[in-house]
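Student: Chains as they are written, first to last, in this note's numbering: chain A, 1 to 287; chain B, 1 to 297.
Just to be clear, a hint being listed does not mean it is correct.
[Claimed, not checked] Beyond 10 Å from chain B on every Cβ pair, some chain A residues (computed): (1) W38; (2) V44; (3) S70; (4) I199; (5) K275.
[As the list claims (entries may be wrong)] List time: in silico DSSO-like cross-link candidates among lysine-lysine, alpha-carbon distance up to 27 Å: (6) B:K97 to A:K8; (7) B:K68 to B:K127; (8) A:K194 to A:K182; (9) A:K275 to A:K194; (10) A:K167 to A:K274; (11) B:K7 to A:K182; (12) A:K167 to B:K97; (13) B:K228 to A:K194; (14) B:K7 to A:K190; (15) A:K182 to A:K167; (16) A:K167 to A:K190; (17) B:K7 to B:K68; (18) A:K275 to B:K97; (19) A:K14 to B:K68; (20) B:K228 to B:K68; (21) A:K167 to A:K194; (22) A:K275 to A:K167; (23) B:K97 to A:K274.
The hints are simulated quantities; they were obtained by calculation from the structure and are not laboratory data. By construction, the Cβ of each residue, glycine as well, lies at the ideal position given by its N, Cα and C atoms.
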Amino acid sequence: MDYEQIEKNARRRKCLRDILLGLVLCSWAVIVLFPFYWMLLTSVKSYGSYNSEFIPRLFTLSPTLENYGSAFSQVPLGRYFLNTLVFTVITTALMLFVTVLAAFAFSRLRFRGRDLIFTAFLSLMMIPTELVVITNFVTVTDLNLRNSFLGLILPSVTSVFYIYLLKENFSQIPDELYYAAKVDGTSDFKYLWKVMIPICQPTIVTITILKVIECWNSFVWPRLITDDQNYFLVSVGIQEIRENGFGRENIPAMMAAVVVISLPLIALFLLFRKKIMAGVARGGTKG
Amino acid sequence: MEKNNPKGYLYLLPAFLFLGIFLVYPLMDVFVYSFQENYNFASQTYTGVGIYNFRYVLRDPFFLQALKNTFLLVIITVPLSTGLALLISLCLSSIEKLRDFFQTVFFLPYVTNTLAVGLVFMILFKKTPYSDGFMNLLLNAFGFASVDFLSGPYWAKMLVLCLYTVWIVMPFKILILTSALASVSQQYHNAARVDGASRGRIFWRITLPMISPSLFYLVITGFIGAFKAYSDAVALFGIDLNAAGMNTIVGFVYDMLYGRSGGYPSYASAAAVILFAIVLTITCINLLVSKKHVHYI
């Protein structure tokens, strides 16, 4: 066998391999993207044309935006949106407040039983939400907080994992900085605010984004705690639309609502792609 | 530095409050609830302490159905999604062009609202009087008869649920495995290739042992996640999962707590405790198995 023959074979094998690789990747990409395409497509078909297609068409020549209009006028989608926005902003802000203070205490301050308390905190990460939802439901009902933002927000604030993540990051800041600040007469709180938070900004941004995603998609708790449309979040709202909204079978309008609900997070993701993926790799859970 | 700075407790106070009220107290309380017999939600009274709630739940046909659904879902989706994610990550790590693009696309399902996109899956599979739906169109094109996926035979409903679950969990697995593969040092591969090892051998003997911790992490989180499946089923089959025969254990817990069949926190607690016991057992088994097969460096 001569050298040229061997090289040719190798090249052919590599080519074949590349084609196979491309095939796998492209088919998965199609599987991932197709539902998104379908929801966009359906949302711009008119009610009449959608229902007259016994064989669903893969494209449309007469796109219309009327479904988006009815998504906002026939069901209170704007209301759901606003509720979710308020819920997400307040929950995330509270989470940041609690997390930053706790992480600061664990990483910077010395007090009796610190390591023991930290271990106890870590062990809390193992508790599944399903186990605590029942009592929380009873607590919130007893406090008359059903159908209120307070009832929605308070149980959703805590995230032990984020405290852990931020504490690890805070601990990497050299002690010398702290002593220097102390010599200059800086208070603990000022040190946290002026030195630690700016240094650890990337981690703080990461946990903020993860929390925002979590809030935007939360379904179980809001569903249990709200039955008044005025307090529905988007997940519960879309479920309500599916069961009772838009008359019976106005699927194009439903899809328009789905597009509107999905867009903010997709936009956020495309903006902060690297940060989100790195953050999820460090501490995401879903699946 | 001073040994005991009591201000530390002050900084921890908010975390203590939130965790205490909404995590630690409920955790203890759920066990209490699960043993209180004939608990009345309105008057907050109960008649005795015992294991009646567990016996009731374990005899409830809806719970048994939920148990069966959940186990099937776990057994099908965990190996399927992990294997598929491994295949895709391997492909991803052997290309250079367009890698960023594919990674971005593959991650999209992670940032979508499970309920909202579930509706898209629903209309793709749904068979209505006016249309058989897109999936049936595909089936027909390959010469199969239409199937009523969402209100037809059990296996069809299970299939849709499994497909959607896999679709939802893939981004996380691909992400973890691609970064694990990227961290395997190229030196080992090069050394093996100098020694004349085949591609398959390199994969089984080097790549797989090197990424086994990540793979194992995915299997554990996959099991836990699949046992807690709920919102994906709601998205596909609607809020009344018992009627569709597609309830999951978590769904059973919430239905017992609230909704049309709700108002029984004791039964809900008992079911939640059973779920917790199952997940704990499976995780322990996983840990034992991993001791033998996972290589930590």
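Student: State for each hint whether it applies.
Tutor: Status of the hints after comparison with the structure:
1. W38: violated, 6 Å
2. V44: holds, 14 Å
3. S70: holds, 16 Å
4. I199: holds, 18 Å
5. K275: holds, 12 Å
6. B:K97 to A:K8: holds, 23 Å
7. B:K68 to B:K127: Answer holds: K68 (chain B) to K127 (chain B) is near 25 Å, not above 27 Å.
8. A:K194 to A:K182: Answer holds: K194 (chain A) to K182 (chain A) is near 13 Å, not above 27 Å.
9. A:K275 to A:K194: The given pair, whose Cα atoms are some 23 Å apart, holds under the 27 Å limit.
10. A:K167 to A:K274: Since the Cα atoms of K167 (chain A) and K274 (chain A) sit roughly 22 Å apart, the hinted pair holds (cutoff 27 Å).
11. B:K7 to A:K182: Given that 27 Å is the threshold and the Cα spacing comes to 15 Å, the pair holds.
12. A:K167 to B:K97: Distance of about 38 Å is beyond 27 Å: violated.
13. B:K228 to A:K194: It is violated: about 42 Å lies between the C-alpha atoms, which goes past 27 Å.
14. B:K7 to A:K190: Cα-Cα ~14 Å, so holds.
15. A:K182 to A:K167: This hinted pair holds, its Cα atoms lying about 20 Å apart.
16. A:K167 to A:K190: Holds, because 18 Å separates the two Cα atoms, which is no more than 27 Å.
17. B:K7 to B:K68: Violated - the C-alpha atoms of K68 (chain B) and K7 (chain B) are around 52 Å apart, more than 27 Å.
18. A:K275 to B:K97: holds, 21 Å
19. A:K14 to B:K68: violated, 46 Å
20. B:K228 to B:K68: holds, 13 Å
21. A:K167 to A:K194: At roughly 17 Å apart (the allowed maximum being 27 Å), K194 (chain A) and K167 (chain A) satisfy the hint.
22. A:K275 to A:K167: Roughly 19 Å separates the two Cα atoms, so the pair holds.
23. B:K97 to A:K274: With a Cα-Cα distance of about 18 Å, the restraint between K97 (chain B) and K274 (chain A) holds, given a limit of 27 Å.
The structure shown violates the earlier hints numbered 1, 12, 13, 17, 19.
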